[in-house]
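Novice: As you go down the protein sequences, you meet chains A and B in turn.
Be aware that the first sequence starts at 1, since it is given in the numbering used here, and climbs by one per residue.
Be aware that the second sequence starts at 1, since it is given in the numbering used here, and climbs by one per residue.
Since the hints were made in silico from the structure, they are not lab data.
All C-beta atoms in this analysis are idealised placements derived from N, C-alpha and C, irrespective of residue type, glycine included.
Fair warning: there could be bad hints in the mix.
Said to hold, decoys possible - With the Cβ distance kept under 10 Å, some of the chain A side facing chain B (calculated, not the full set):
(1) Gln165
(2) Gln167
(3) Thr168
Claimed, not checked - Just a sample of chain B residues kept apart from chain A, beta carbon distances all over 12 Å, derived:
(4) Leu58
(5) Gly121
(6) Ile285
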Amino acid sequence: MRSAIWENIFKKQAKQLSETALAISHVPVFSGLSRRELREVENIIHQREYQAGEAIFDQGDPGLGMYIIIRGQVQIVNNQDPDNMIVYSELNDGDFFGDMALVDDADRSAAALATADTRLIAFFRPELKDILSRFPNLGNKILMNLAKVIAQRLRKTNDLLIEAQQQTAGDST
Amino acid sequence: MAEGTSLSARKFMQTLMRGSQIVLPLLAILLLWYAEILLLLILALLLSSILSPLADWLETRLGGSRILAVLSVYLVMILIIVGLASMAGPVLVQQAKAMTAAFKGQNLTELIDNLRQSLLGFIPPDMHQVAEARFDSLVQKLPGFLATFADDLAGFVFKIASVVGKLVLVLVFTFILMLESRNFKVQFLRVIPNPYFELTLNLLDKISAQVSGYLRGQGAAAATVGVLSTIGLFIISVAMNVTIPYFVIVGMLAGFANLIPFIGPFVGIIFAWIVYLMTPQAAGISAIVLVVLAAMFMFVQMIDNFLVSPKIMSASVGMHPLVVIVVIMIGNALMGPLGMLFAVPAFGVIKVTVEEVRWGLKAYRIL
Numbered sequence: 001m002r003s004a005i006w007e008n009i010f011k012k013q014a015k016q017l018s019e020t021a022l023a024i025s026h027v028p029v030f031s032g033l034s035r036r037e038l039r040e041v042e043n044i045i046h047q048r049e050y051q052a053g054e055a056i057f058d059q060g061d062p063g064l065g066m067y068i069i070i071r072g073q074v075q076i077v078n079n080q081d082p083d084n085m086i087v088y089s090e091l092n093d094g095d096f097f098g099d100m101a102l103v104d105d106a107d108r109s110a111a112a113l114a115t116a117d118t119r120l121i122a123f124f125r126p127e128l129k130d131i132l133s134r135f136p137n138l139g140n141k142i143l144m145n146l147a148k149v150i151a152q153r154l155r156k157t158n159d160l161l162i163e164a165q166q167q168t169a170g171d172s173t
Numbered sequence: 001m002a003e004g005t006s007l008s009a010r011k012f013m014q015t016l017m018r019g020s021q022i023v024l025p026l027l028a029i030l031l032l033w034y035a036e037i038l039l040l041l042i043l044a045l046l047l048s049s050i051l052s053p054l055a056d057w058l059e060t061r062l063g064g065s066r067i068l069a070v071l072s073v074y075l076v077m078i079l080i081i082v083g084l085a086s087m088a089g090p091v092l093v094q095q096a097k098a099m100t101a102a103f104k105g106q107n108l109t110e111l112i113d114n115l116r117q118s119l120l121g122f123i124p125p126d127m128h129q130v131a132e133a134r135f136d137s138l139v140q141k142l143p144g145f146l147a148t149f150a151d152d153l154a155g156f157v158f159k160i161a162s163v164v165g166k167l168v169l170v171l172v173f174t175f176i177l178m179l180e181s182r183n184f185k186v187q188f189l190r191v192i193p194n195p196y197f198e199l200t201l202n203l204l205d206k207i208s209a210q211v212s213g214y215l216r217g218q219g220a221a222a223a224t225v226g227v228l229s230t231i232g233l234f235i236i237s238v239a240m241n242v243t244i245p246y247f248v249i250v251g252m253l254a255g256f257a258n259l260i261p262f263i264g265p266f267v268g269i270i271f272a273w274i275v276y277l278m279t280p281q282a283a284g285i286s287a288i289v290l291v292v293l294a295a296m297f298m299f300v301q302m303i304d305n306f307l308v309s310p311k312i313m314s315a316s317v318g319m320h321p322l323v324v325i326v327v328i329m330i331g332n333a334l335m336g337p338l339g340m341l342f343a344v345p346a347f348g349v350i351k352v353t354v355e356e357v358r359w360g361l362k363a364y365r366i367l
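With the rest of the complex left out, here is chain A:
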């Protein structure tokens, strides 16, 4: 005979993650986090809604943290010259940006603009510090993930640099 108590306990355990927690779990920075850890992160992140054409942050603003796109579209641009806006990348659902600002407080190197009505999750340095002080294991997991993301980008940049150098050497001979 099945006990109603145990059934209820397991039902609670198997409860689906919220849309926000699910979105967080797909971001490399939060990969490998347990359900409990994801809920802990969910409790301190910020949810924001932006209208099409609204700026999320401007180039030169103090960098504070990263954004994850739940729904919508975001362009990362250089808009220093209003007549000649350069679009670096276009991001969609599940993509993230601004993650470098989690580790240093340098100014934003580009602006982020919502090009459609967009719902974002914001995870910032004060929250990361808070997690590190209260839940060091969880904080370390996030930091390791962040280091992996940065290492991958560095490797990619190295490859591109080598490729460019080889191309320059080939052109000169």
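We have chain A already, so just place chain B on it with the hints.
Specialist: Frame of chain A; chain B shown alone:
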């Protein structure tokens, strides 16, 4: 697009400024109405910012339970207060009683005579007549001053019951704030318009770090000076075989006075001198004791300035001496002697906040 954002931000600020002409007076009336509750809330906010790091530290060690961590902080706080009250309390009460008795009735004339004799010992004989005349005119003013002081003190005692009630309220507010601070922060930021979201979050983080660091630093420095001064006074009284009554009160006063820069360090010296000079000494009054007392307070100040404060003060709240004097006068006008004591730390908190807001407005190019 950034231009558009800054334009919309500017438009928002202009609307805010226009709206503020109506909203601010209404807000001022509301604030005056609820000033007391607001003051208690601010006190709770400051107390929670001091205690939160301890709650965070305990939360990790208690399996992530915030309520258990906050309850533990309260338990530790109660234990410390009870411990201190049971250790220093009886001595403090005894010394306070003795001091009150000394300042009343015939004892006072006796003490004043002692002070007169002690002071005349340091003045050349040909100046005695002038000094005595000055002293007499001062003494004539003293009963009036003491009567006012006694009235203030009696009023304060009657107010203690309501103070205890308010203290309980502050502790309840602090408990809720420590428990729900993250939730409150998330809810508060939810209503901030997008152009000011990052700025507000950045400011909240910086201000809370600076203010809690400043308050913890001030508290730790005051406690250090208070404890060291008390120990110093006790050592002097034993080593030099002199009577320095109420040394616990003098030490504590020196600690509290340390909250006031420039002036604070001298309060301890002057109070210790008065207490020493007013007390009949078996071996007579000695100038060396006065010098040693001053040297001890200076030494305690050096320990605080070179060893304690640099390690615990996170924010440098440099203030011009003139500003300090004006702030103390404002504190006195608003809240009397207690206002004088807490005016400088309160101004320090406001200064740190204003500086961070100014930084934020500049960094996000709103100003």
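Novice: A separate judgement is required for each hint: does it hold in the structure or not?
Specialist: Each hint, compared with the structure:
1. At a threshold of 10 Å, the smallest CB-CB gap from glutamine 165(A) to chain B is about 35 Å, leaving the interface hint violated.
2. Taken as an interface hint, glutamine 167(A) does not check out: its beta carbon lies about 34 Å from the nearest beta carbon of chain B, beyond 10 Å.
3. Nearest Cβ of chain B to the Cβ of threonine 168(A): about 35 Å, over the 10 Å cut. The hint is violated.
4. Non-interface call for leucine 58(B) relative to chain A: violated, since the shortest CB-CB distance, roughly 10 Å, does not exceed 12 Å.
5. With 12 Å as the threshold on Cβ separation, the claim that glycine 121(B) sits away from chain A holds: the shortest Cβ distance comes to roughly 59 Å.
6. The non-interface label for isoleucine 285(B) is consistent with chain A: the shortest C-beta to C-beta separation is roughly 55 Å, beyond 12 Å.
Consistency note: the structure conflicts with the earlier hints numbered 1, 2, 3, 4.
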